[in-house]
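Chemist: Here are the chains, one letter per residue:
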Amino acid sequence: MRWLVLAAAAALASAAHSQTLRIGLAEDPDILDPTMARTFVGRIVFAGLCDKLFDLDEKLNIVPQLATSSQWSPDNKALTLKLRSGVTFHDGEKFDAAAVKYNLERHKNMKGSSRRTELAPVTSIDVVDPLTVRLNLSAPFAPLLTVLTDRAGMMMSPKAAQAEGEKFGAKPVCSGPFRFVERVAQDRIVLERFANYWNKGEIHFDRVIYQPIVDSTVRLANLRSGQLDFIERLAGSDVAGLKSDSRFKIDRIVEIGYQGITINTGKSELGQKNPLGRDPRVREAFELSLDRRALVQVAMDGEAQPGNQWVAPSNRYYAKSFPIPKRDVAKAKALLAAAGTPNPTVTLMTPTTSDAQRIAQVVQAMTKEAGFDVRIQSTEFSTSLDLADKGQFEAYVLAWSGRADPDGNLQIHLGCKAPLDYSGYCNAEVDELISRERATLDAASRAKIFEQIAAHIEKDRPIVYLFHRHWLWAHTAKLTGLRTVPDGMVRLQGLQMK
Amino acid sequence: MLNYLLQRLATMVPTLFFVSVLIFGLQQLLPGDPAIALAGEERDPAAIAYLRAKFHLDEPLPMRYWYWASGVLHGDLGESVRIQRPVSDLIVEKLPVTLELASLAILIALAIGLTAGVISAVKRDTAWDYAANVFALWGLSTPNFWLGILLILFFAVHLGWLPASGYVSPFEDLRANLAAMIMPAFVLGNAFAAVLMRHTRSAMLQVLSSDYVRTARAKGLDERTVVLKHALRNALIPVITLGALGLGDLLGGAVLTEQVFSIPGFGKLIVDAVFNRDYSVVQGVVLFTATMYLALNLLADLAYFLVNPRLRH
Chain A
8 MRWLVLAAAA ALASAAHSQT LRIGLAEDPD ILDPTMARTF VGRIVFAGLC
58 DKLFDLDEKL NIVPQLATSS QWSPDNKALT LKLRSGVTFH DGEKFDAAAV
108 KYNLERHKNM KGSSRRTELA PVTSIDVVDP LTVRLNLSAP FAPLLTVLTD
158 RAGMMMSPKA AQAEGEKFGA KPVCSGPFRF VERVAQDRIV LERFANYWNK
208 GEIHFDRVIY QPIVDSTVRL ANLRSGQLDF IERLAGSDVA GLKSDSRFKI
258 DRIVEIGYQG ITINTGKSEL GQKNPLGRDP RVREAFELSL DRRALVQVAM
308 DGEAQPGNQW VAPSNRYYAK SFPIPKRDVA KAKALLAAAG TPNPTVTLMT
358 PTTSDAQRIA QVVQAMTKEA GFDVRIQSTE FSTSLDLADK GQFEAYVLAW
408 SGRADPDGNL QIHLGCKAPL DYSGYCNAEV DELISRERAT LDAASRAKIF
458 EQIAAHIEKD RPIVYLFHRH WLWAHTAKLT GLRTVPDGMV RLQGLQMK
Chain B
2 MLNYLLQRLA TMVPTLFFVS VLIFGLQQLL PGDPAIALAG EERDPAAIAY
52 LRAKFHLDEP LPMRYWYWAS GVLHGDLGES VRIQRPVSDL IVEKLPVTLE
102 LASLAILIAL AIGLTAGVIS AVKRDTAWDY AANVFALWGL STPNFWLGIL
152 LILFFAVHLG WLPASGYVSP FEDLRANLAA MIMPAFVLGN AFAAVLMRHT
202 RSAMLQVLSS DYVRTARAKG LDERTVVLKH ALRNALIPVI TLGALGLGDL
252 LGGAVLTEQV FSIPGFGKLI VDAVFNRDYS VVQGVVLFTA TMYLALNLLA
302 DLAYFLVNPR LRH
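Order-wise, the sequence lines are chains A and B.
When you number the first sequence by our numbering, it's gap-free, plus one each residue, and the end is 505.
When you number the second sequence by our numbering, it's gap-free, plus one each residue, and the end is 314.
Just to be clear, a hint being listed does not mean it is correct.
[What the hints assert, rightly or not] Listed next, the in silico DSSO-like pairs over lysine-lysine satisfying Cα-Cα at most 27 angstroms (straight line): (1) A:115 <-> A:84; (2) A:166 <-> A:89; (3) A:178 <-> B:230; (4) B:55 <-> A:166; (5) A:178 <-> A:166; (6) A:207 <-> A:89; (7) A:466 <-> A:207; (8) A:375 <-> A:466; (9) A:118 <-> B:55; (10) A:207 <-> A:101; (11) A:101 <-> A:115; (12) A:174 <-> A:280; (13) B:55 <-> A:397; (14) A:174 <-> B:55; (15) A:115 <-> B:55; (16) A:178 <-> A:207; (17) A:118 <-> A:333; (18) A:424 <-> B:55; (19) A:174 <-> A:115; (20) A:338 <-> A:485; (21) B:230 <-> B:124.
If you are wondering where the hints come from, they were derived from the structure by calculation, not from laboratory data.
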């Protein structure tokens with residue numbers, strides 16, 4: 008009898024340990040090299056593959072991962088990190104300060120690196136001792152710790168990275184909870200449990216399979232038929248149908264990014280040729296003609312949080328002195344009359360995704376009541392980026408996936424001549440304030456500077472922020488331990504099937 | 002026969018050259034800077050400059066064509082910028098998937114289309130004929146993505162008999178492979194069956210009214226032998242051409258069907274590559290597909306020899 012019980016227990020334990028987690032992705036990730044990677048969806052796979060120096064919690068606090076603590080120097084121009092001991096990479100190599108130095112230098116210097124600008128303020132890296140590393144900066148840079156919670160903080164095995172060079176992404180070797188097994192482009196990425204993971208008590212699956220399924224209906228059908236355990240980016244229109252099915256659960260998180268309308272105010276001559284780009288009063292009228300709550304209900308099935316800044320109203324850095332303006336069509340009309348253009352024509356460039364199209368149509372209808380004649384110009388996404396880069400647009404429906412630090416949602420879009428400054432916005436005072444918030448480590452003081460920045464942006468309106476989307480996750484009700492962190496990454500630590 | 006084969010092979014060379022220029026040239030008409038599309042959300046100017054230099058995007062068009070064409074002649078189709086893998090590897094990876102899907106779809110199309118076409122011609126102006134025509138009209142007018150999603154909802158979600166999407170290699174698990182392929186193959190085959198049915202019907206009607214069929218009947222042969230052995234064999238000639246062209250089309254990738262069923266074949270590869278401006282992948286896969294298409298046409302011509310004895314002389 009005792010044998011039987013033991014055998015049954017062993018069988019159960021073995022079953023529990025041979026579990027596979029199947030995750031449906033909305034797109035196929037790009038190259039799996041943290042230095043070169045460029046897509047949001049790729050970061051979801053990295054969450055299982057590559058640990059970072061720091062991580063984020065549900066409230067966007069920075070928490071230790073491969074680094075256990077951090078200490079700024081008195082002049083805030085050096086950051087010392089204490090590293091976790093006993094960590095190994097998937098190839099058995101040891102994780103230490105030299106590995107951190109190698110990785111950060113690779114991120115900074117490798118040709119084609121997408122991490123170069125994120126780590127631009129880091130001038131050099133010193134190995135203090137095997138478990139201590141110091142990052143020397145050209146100037147204080149408050150967003151640095153947050154930068155290290157993303158791909159710039161991901162650690163690869165130096166041995167594998169040196170051996171593979173540019174081909175590292177074909178067979179990545181990191182130190183995360185799962186190691187790379189295989190990738191069939193556009194079909195699946197398979198990872199298996201890393202036995203020597205430093206935090207292995209939190210890992211309850213043997214394998215993870217990521218399957219890109221572009222069509223949201225088919226992704227959902229796979230979940231419903233039991234072929235997937237988890238899907239990301241459930242369509243808002245499918246929420247009601249799935250909510251009534253007790254076999255599944257839906258989680259929603261307000262994204263750290265935003266959806267907005269970028270207005271060409273000075274990117275090219277076109278910006279000054281149309282009243283919307285030329286006159287701030289017309290932009291104010293445009294914003295006042297919008298009812299963001301209705302827009303979210305109609306265009307997003309209610310699955311977004313209305314917003315008017317680069318961070319959501321729930322974010323600690325949201326400038327509370329500038330709440331979402333209420334719709335005021337009469338005032339909008341008065342502003343247009345004062346600007347001498349009661350019926351301005353605006354061409355709204357819109358990517359061909361269904362969300363963007365719906366947003367454009369609702370905006371068109373709302374602004375029409377104030378007198379605007381919005382003409383929607385549907386444009387394939389890559390083409391629209393090219394046109395935006397050349398300034399060949401008047402207004403552009405554009406989303407930003409977001410960065411955990413507000414600076415990552417701000418400077419790159421609104422700094423003078425910043426890479427994504429499609430608006431052509433350049434305000435020396437805003438640039439100065441951005442430099443100050445970057446140099447300020449105290450959160451309360453930074454928040455005050457963001458209030459000052461908001462005062463400018465809310466007046467100039469180079470971008471009319473609309474809302475912050477919900478990341479919608481659907482999964483089998485048996486899956487527990489899911490952490491809903493606003494960056495939208497699926498963390499595998501603590502996840503288990505009950 | 003050998004001379005004919007050599008002649009045909011020789012004409013393929015200029016055709017392929019023309020195709021390669023066309024593929025390259027048309028791609029340049031795509032709006033949008035590939036370096037910007039590939040540089041990701043941040044679009045770091047240094048990363049953009051690196052991509053431009055690496056893929057010769059900053060050089061004149063003839064030079065870029067030369068880089069690509071000389072690579073192709075040396076068996077190097079280039080590398081995917083997005084996932085940094087050789088295009089030839091991707092083709093080798095996707096070809097068996099697309100071949101299997103296309104072959105299954107053609108088999109289904111032939112089984113349905115030929116049978117319905119023959120019955121419709123033999124039973125002309127009867128209920129059988131009308132039913133076959135209704136079926137053909139339905140097959141032609143049903144959008145693939147719609148039929149695909151309906152099948153998924155019914156067979157995968159409602160009945161739970163088949164997987165909703167995805168692909169399993171037949172060498173890994175043949176049963177799972179067939180279960181995954183049957184719905185997409187049916188969706189593709191269904192539309193093509195309708196075309197085949199219409200062509201088989203007209204060809205059969207023409208042949209059935211010819212003198213030699215009347216003679217065969219006069220000889221006292223039974224109807225089954227007349228239809229299957231004498232009439233169908235001749236009626237098959239245009240159908241073979243159509244089948245070869247259809248197979249060529251399917252090898253180019255069934256874009257929507259592959260997208261709906263998440264089948265990692267050529268269609269999905271090309272669509273993703275176009276949207277991401279992954280030029281090498283688009284060029285490599287289209288050139289490969291064009292070559293396959295030409296080869297299939299050649300095979301179809303050779304098949305005429307086997308079907309029609311008159312052509313052998």
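Chemist: Taking the numbered hints from earlier one at a time, note which ones the structure violates and give those numbers from smallest to largest.
Modeler: 3, 7, 12, 17, 20
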